[in-house]
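Protein chains: 2
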Amino acid sequence: MMNAQEKLKERLNKNLHICVGLDTDLNKIPSHLFKTNEPILEFNKIVVENTYEDAAAYKINFAFYERLGSRGLDIIQKTLEFIPKNILTIADAKRGDIGNTSEMYAKAIFEELNFDSITLHPYMGFDSIQPFLIYKNKISFLLALTSNIGANDFEKIKSSEGKFLFQHVIEKSNEWNINKNLGIVFGATKIEELKENISLFNELYVLLPGVGAQGGSLEDVVKTFDLNNSKNYLINVSRALIYCDTSKNFGEAISHTIKEYNRKVVPN
Amino acid sequence: MMNAQEKLKERLNKNLHICVGLDTDLNKIPSHLFKTNEPILEFNKIVVENTYEDAAAYKINFAFYERLGSRGLDIIQKTLEFIPKNILTIADAKRGDIGNTSEMYAKAIFEELNFDSITLHPYMGFDSIQPFLIYKNKISFLLALTSNIGANDFEKIKSSEGKFLFQHVIEKSNEWNINKNLGIVFGATKIEELKENISLFNELYVLLPGVGAQGGSLEDVVKTFDLNNSKNYLINVSRALIYCDTSKNFGEAISHTIKEYNRKVVPN
Chain D
4 MMNAQEKLKE
14 RLNKNLHICV
24 GLDTDLNKIP
34 SHLFKTNEPI
44 LEFNKIVVEN
54 TYEDAAAYKI
64 NFAFYERLGS
74 RGLDIIQKTL
84 EFIPKNILTI
94 ADAKRGDIGN
104 TSEMYAKAIF
114 EELNFDSITL
124 HPYMGFDSIQ
134 PFLIYKNKIS
144 FLLALTSNIG
154 ANDFEKIKSS
164 EGKFLFQHVI
174 EKSNEWNINK
184 NLGIVFGATK
194 IEELKENISL
204 FNELYVLLPG
214 VGAQGGSLED
224 VVKTFDLNNS
234 KNYLINVSRA
244 LIYCDTSKNF
254 GEAISHTIKE
264 YNRKVVPN
Chain X
4 MMNAQEKLKE
14 RLNKNLHICV
24 GLDTDLNKIP
34 SHLFKTNEPI
44 LEFNKIVVEN
54 TYEDAAAYKI
64 NFAFYERLGS
74 RGLDIIQKTL
84 EFIPKNILTI
94 ADAKRGDIGN
104 TSEMYAKAIF
114 EELNFDSITL
124 HPYMGFDSIQ
134 PFLIYKNKIS
144 FLLALTSNIG
154 ANDFEKIKSS
164 EGKFLFQHVI
174 EKSNEWNINK
184 NLGIVFGATK
194 IEELKENISL
204 FNELYVLLPG
214 VGAQGGSLED
224 VVKTFDLNNS
234 KNYLINVSRA
244 LIYCDTSKNF
254 GEAISHTIKE
264 YNRKVVPN
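In the order they appear, the protein sequences are chains D and X.
In terms of the working numbering, the first sequence opens at residue 4 and continues consecutively.
In terms of the working numbering, the second sequence opens at residue 4 and continues consecutively.
Same shape as in the complex, but just chain D (with noise of 0.2 angstroms):
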């Protein structure tokens, strides 16, 4: 069985950096397979059938599977089951909490659900992220800098130390990354401030969502890591991939869409 790090690893060697986010919504899947009995997982299944050889992870976005309840849960169950178990899983849950809590979220994710990976609130501070991080096989990506507009609101605000909260975030994320099993996620919509902090990322794992739908530029992201003779990135696209065609063809379509994203990892 591979780890996390060596799922990701070999990914990243062959230049892949999508991971594709299954942001999976009723609303905007093709209306062909409402005929079928699990639309979502249906869904899921084609897009994953049409990506994995060229995905280096995906990243399940919690909140639309919760949406629908218990069944919810059991889509997503099921969806990890079509990923191959050589590529990596991103629970994109947010979550995050006191000790004893989020211990047993961790049991939820990477044991209940055996998801690679997850994405976590730094809020609370190290008791809340610790009971995921004794999981040294997975890998947990940290909230710095997100691709939102509110990432102005607090995760910018300026430290009596002269650095904005989101770097505390990141020197932080450094010292407890003992076991080399910690990660970021810094928006991909914010270009300049990615430049301006990528030397303090080192050893951290870095996951940038904001591609696409949210105006990020894949080019712009990719030079940035290139200049700083990093590999250790992810970029995520959802729904500017996902939803890149609502035809009977589908499937043709994303693949080619993946496809094109990584010719623009590596323009040669």
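Treat identical chains as interchangeable: a pair holds within one or across any two.
Straight-line distance between alpha carbons at most 25 angstroms, and here's what the computed DSS-like set of lysine-lysine pairs gives: (1) 17 <-> 267; (2) 175 <-> 159; (3) 31 <-> 110; (4) 81 <-> 110; (5) 38 <-> 81; (6) 17 <-> 262; (7) 175 <-> 161.
No wet-lab data here; the hints were simulated from the structure.
Take the given structure of chain D and dock chain X to it, following the hints.
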């Protein structure tokens, strides 16, 4: 149908301030329940039956249910059916994500499960909170200063304006509280900070975890709010209340314990 604000007001006016935390753990409930079909549900039912006259609210800690997969969500739904419709229910789920995703979480908690309120991570800022705030008849509790040690890592970072991060969160919460549907989470373990900051709370509801197993003092919290002439608070007790007895008569013991807590709230 009473809305969240009305439910809470009715109980607070009766001097009921104890929120019963249903952090139900298979490893901690009385062993005779294992003979029943669904021990966790049976436990919750007996807790509710023995506390509903004395409780100000019920808080369901999602981690303990998600730990069980989709079955856990079903238990949440069935537990809500036992809770009288005039008592506030809190989804202690600590969510928060970009706008279109928070919208899905809000639908999951406020529509699919029909909770009266939720706890939220403020880290990602306004557009991560707004999808919850548009539900005017529900209450959203933002994490301000939490009860754990890790609160020192980020929540107590001092800004260049001379305020702690958690004070910025309180300030913004007041700004965003146009529909009087916002609250904050403030650790009952942080009594000095409570005294120093209570004047900033204004019309925000306050949920205080940390009494009992985490060491916070019920009396100190009550005194602080009394001195400030505020009734707008809920003191959560989880482990110290629901696991106060593991005999077959645990229901009676819980009933006795919550009544004792209530006597401490109104000492005369």
